[in-house]
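K.L.:
The primary structure of each chain is shown beneath.
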Amino acid sequence: MLRIIGYAGPWAFPLATLTAVLAVLIVRAFVRTVTSRKGDPAQMAGLGSAILFWGFVSAALGFLGQCDALYRLMGVVVTAPALSPEVMAEGFGGSFVPTLWGAGLLLVSGLAWLAFSRIGRTGARVLAMLALPLIVIMGCGNATSQAPTDITQGVWVGSGGADQFLFDLRGSVPDSLFGVVHVLHAGKKSSELPITRASYNAPDIEMFIQSTNATYKGRVELDKGRIRGGLSFGGQPGSQMELRWSDPSGLPGYRALAGAGPYTYREPTAGDDGWQVASPEDVGLDRGALEALVNAVAQNEAGLIQSLLVVRDGKLVMDEYFHGYGTADVHPIASVTKSVSGLLVGAALDRGLISGLDTPLLQFFPMKPSVVDPGWEKETLHHLMSMSMGLDWTREEMDGVHGTGEDFFLRVLSRKVANSPGTRWDYVSANVDLLAGVLYNATGKHADVFAKEVLFIPLGIQAYDWEYGKVDGYDLMDGSLQLRPRDMAKIGTMVADGGRWNGKQVIGEAWIDEFTKLHFQTGEPLGGYGDLWWLGELPSSGGMEPMIVANGWGSQLIVIFPRLDMVVVTTGGNESNGRHLDIGPVLARYLLSTM
Amino acid sequence: MSRFTVVLRDLSDRLSLPQPARSRILLEISGDLEALFQSFLERGLSEEEAEQEALAHIDLSSEAIQDLGRVHGGWFRSFVDTLAHRAGPRWERALLVLLILGGVLLSGALLNAVPMSRAAGIWFLPVGCTALGALIVSGWKTYVLFLLRDHRPRRLRRGLDTLLGLSVLQVFLAFGGVWFTGVGSVRSIAREPLRAGVVTMQWLQHSLALLILALSLGLLAGLVWFFLLTRVVSIEHQEAAALLAD
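If you're matching them up, the sequences are chains B and W in order. Just so you know, the first sequence maps onto residues 1 to 595 in my numbering. Just so you know, the second sequence maps onto residues 1001 to 1246 in my numbering.
Note that these hints are calculated values from the structure, not bench results. Do not rely on the hints blindly, as some may be mistaken.
To be verified - Simulated DEER-style distance windows between Cβ atoms:
| hint | chain 1 | residue 1 | chain 2 | residue 2 | range |
| --- | --- | --- | --- | --- | --- |
| 1 | B | S232 | W | F1180 | 54 to 64 Å |
| 2 | B | D282 | W | V1186 | 32 to 42 Å |
| 3 | W | P1193 | B | S541 | 35 to 45 Å |
| 4 | B | A20 | W | I1136 | 55 to 65 Å |
| 5 | W | L1098 | B | S159 | 48 to 58 Å |
| 6 | W | L1194 | B | S541 | 23 to 33 Å |
| 7 | B | F233 | W | V1186 | 19 to 29 Å |
| 8 | W | T1200 | B | G356 | 26 to 36 Å |
| 9 | W | S1234 | B | G230 | 43 to 53 Å |
| 10 | B | T17 | W | L1194 | 24 to 34 Å |
| 11 | B | G93 | W | G1031 | 42 to 52 Å |
| 12 | B | A270 | W | P1193 | 12 to 22 Å |
| 13 | W | P1193 | B | R395 | 22 to 32 Å |
| 14 | W | T1200 | B | G93 | 13 to 23 Å |
As the list claims (entries may be wrong) - Residues on chain W that point at chain B, a partial pick, calculated with CB under 10 Å:
| hint | residue |
| --- | --- |
| 15 | G1102 |
| 16 | L1204 |
| 17 | A1209 |
| 18 | I1212 |
Said to hold, decoys possible - Listing some non-contacts, in silico: residues in chain B with all C-beta distances to chain W over 12 Å:
| hint | residue |
| --- | --- |
| 19 | R244 |
| 20 | R287 |
| 21 | T594 |
Note that CB positions come from ideal geometry on N, CA and C, so glycine has one too.
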């Protein structure tokens, strides 16, 4: 019932009022029919007419509600054409709720009118006796589903701008509570924020979210299904946010899969983007294993995964999306951007625009800072791409400094060389950002323009976004590119095939081999590092299976299994929940173990 | 008490119609009798003669009364009459007023939403004109009933059917607009199949905006009609009761 009210949106209020009015009129007519010995046909006809009138008003209002809901849906579709079909279907389906509600009221009122004003007292009694228990049951259903009995029941929903925050508490009261905040944006679940600490001493509740340094404090009114309170950030007062109790299953994007029941395999659509598709059997994969994999992902075994694609023998076998995402969505790919940037260097090397990986970096930067550490003379493009420049960044700077543009390049070039280049691996995003200057100097084109020419057009990639963080045309090379998962899979398939896509050489095979060669053992969970590509391994039925990985924070991954001729792509929202690489064991357990 | 009270009481007994149709007929016949009575007085007849002549010129036979019953006893008229007659409880009237106020606010908000008015396109013009007509009729009728208090029987219901008609017309016009623009869109898609998605989306936006505006304004006009109707019926009932009183 709550779900129906949720779908009816603001129209639920007048429709609920009219439902109550009709219920009162019907009960009153019934009482008069039963208690009045003589009966008054004119009075009963009057009551019947009134019931029918409000029924018509309900039906008109319900239809108006559907028009309004559809109009709003159209507005969302126009502004966000990449909205997944599942979300659109859910919105479209939900728009019928006010109409059905109003039509239902008209039907009930029509029957009541017929009973009270047309077919006499006996008929009225029979119909009313049938209808009354129904009304009581519906009323009881409403009464019992309006409020939770426990703080850990359902979720508590608050709104902030275009986002919905679903506080999902688990554990036991008062101080063993934990949970997660699901963030929904435009019908898609964008991230999960763990509630690292929570306490509830009725009626006061406090929840701390470490990843955003936010604390929610409020007073719980269980009987009214709400928490009145507000968010503060780092101890500073924030904004008021009332949380409303809700059954989350009806909220678009909350559930991983739109349909009910376990996932059943479906072959991807070929589309017009150059992909050949195949069934699992065509490429030697186990259909049941793929279904188990998707069900595991849908059950949150790998945290928040938003898409999962599997390619084998160059053919797309699986193309599944979760939590409201769809094929058309371009997704931030975080540090997968670094690997793509590396491929652009390969394309420049192919064209002779860069003489070799041992080219000194300073050659690409005519403008230099007033003082350049002498160690820079030994820095080469290869040192940059293998993360072994040895600059004197602090640990915080390594994690947190990003930028592009000439001023930023001067800032990097002014760093001292603390370790001999090529001797020590440190993951530094700021160093990779120098590639914007390298590519512009070598090719005369900014990275996005060059990428379109040498990579995106040959791969048939039409939808992408590289605008975020751009300065004076220089792109942010360490993590601002957005791609569709299907296009990420093309890049993975091309790398797996030695730089070829559909038989055509896009990036020189020699450079692909060089970039995916082990240069350093990093001590990180993935293990090894080549030139902007990670190298690792996962257990499979045949022992440890080597893999080449483009690794973006939050589970944006292109995973290439060269020996299996298989590519797996995921996008996700695991930036804040510590589950960035949880997909690895899931792949090993459900897919690699069957191969 | 009217000079024709006895005749009207007899007529009331013979009329097999429910309220408020019975009151309305009584008021109309009473008005006709009074008009004839005045006319004969002006021609120089005495009061007694004028009364006799007036009664002689009005057909109050059983057949004529049956005809009256048929005229006032159609299903729609009966439905409206019974509906309006019993809309007495305060809570129901209060709900009606609340719904009208809500409707005014909603319509105002929707009309304020400029993109929606734009999306409704050229068809918003006839719908808007009809709504304006309904607004004028509503205003005039409210003024007559509540401020001017002109409760002459033959004028009481004047304008009410027009208001209901305008309310329904708005909705019909909107559906007409949806249909016509739909046909235009199909033709456009036939010419340029590649733009099918865009054209369909534009048509849907246009249609929904038009329907929202027309339905909300039509519903509002319908509720105002109902509110005025209940007032008219109430007045008719009071006037008829006064006529039949001793």
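K.L.:
Quick one: are W/L1194 and B/S541 within 23 to 33 Å, going by C-beta?
P.N.:
violated (48 Å)
K.L.:
Does the Cβ pair B/F233, W/V1186 satisfy 19 to 29 Å?
P.N.:
Violated, since B/F233 and W/V1186 (Cβ atoms, about 54 Å apart) do not stay within the stated range.
K.L.:
So the hint says 48 to 58 Å: do the beta-carbon atoms of W/L1098 and B/S159 match that?
P.N.:
Once the Cβ atoms are compared, 27 Å apart, the range 48 to 58 Å for B/S159 and W/L1098 is violated.
K.L.:
Let me know if the C-beta of W/A1209 comes in closer than 10 Å to any C-beta of chain B, holds or violated.
P.N.:
This hint holds: W/A1209 lies near chain B, its Cβ roughly 6 Å from the closest one there, short of 10 Å.
K.L.:
Over 12 Å from every CB of chain W: does B/T594 meet that, or does the non-interface label fail?
P.N.:
holds (40 Å)
K.L.:
That 13 to 23 Å hint for W/T1200 and B/G93 (C-beta), does it hold up?
P.N.:
Given a distance of about 18 Å, which is inside 13 to 23 Å, the answer is holds.
K.L.:
Honestly, do B/A270 and W/P1193 meet the 12 to 22 Å range at C-beta?
P.N.:
holds (20 Å)
K.L.:
Determine whether the non-interface label on B/R244 survives the test: each CB of chain W must be over 12 Å from its CB.
P.N.:
holds (23 Å)
K.L.:
Range first: 43 to 53 Å. Now tell me if the beta carbons of W/S1234 and B/G230 are that far apart.
P.N.:
holds (52 Å)
K.L.:
Just double-check B/R287 for me: nearest Cβ-Cβ distance to chain W has to come out over 12 Å.
P.N.:
B/R287 clear of chain W: closest Cβ-Cβ about 33 Å, beyond 12 Å.
K.L.:
A closest beta-carbon separation below 10 Å is what the hint needs, so does W/L1204 meet it against chain B?
P.N.:
At 6 Å from the nearest chain B Cβ, W/L1204 passes the 10 Å test, so the hint holds.
K.L.:
Was the hint right that W/G1102 lines chain B, CB cutoff 10 Å?
P.N.:
holds (7 Å)
The structure shown violates the earlier hints numbered 3, 4, 5, 6, 7, 8, 10, 11, 13.
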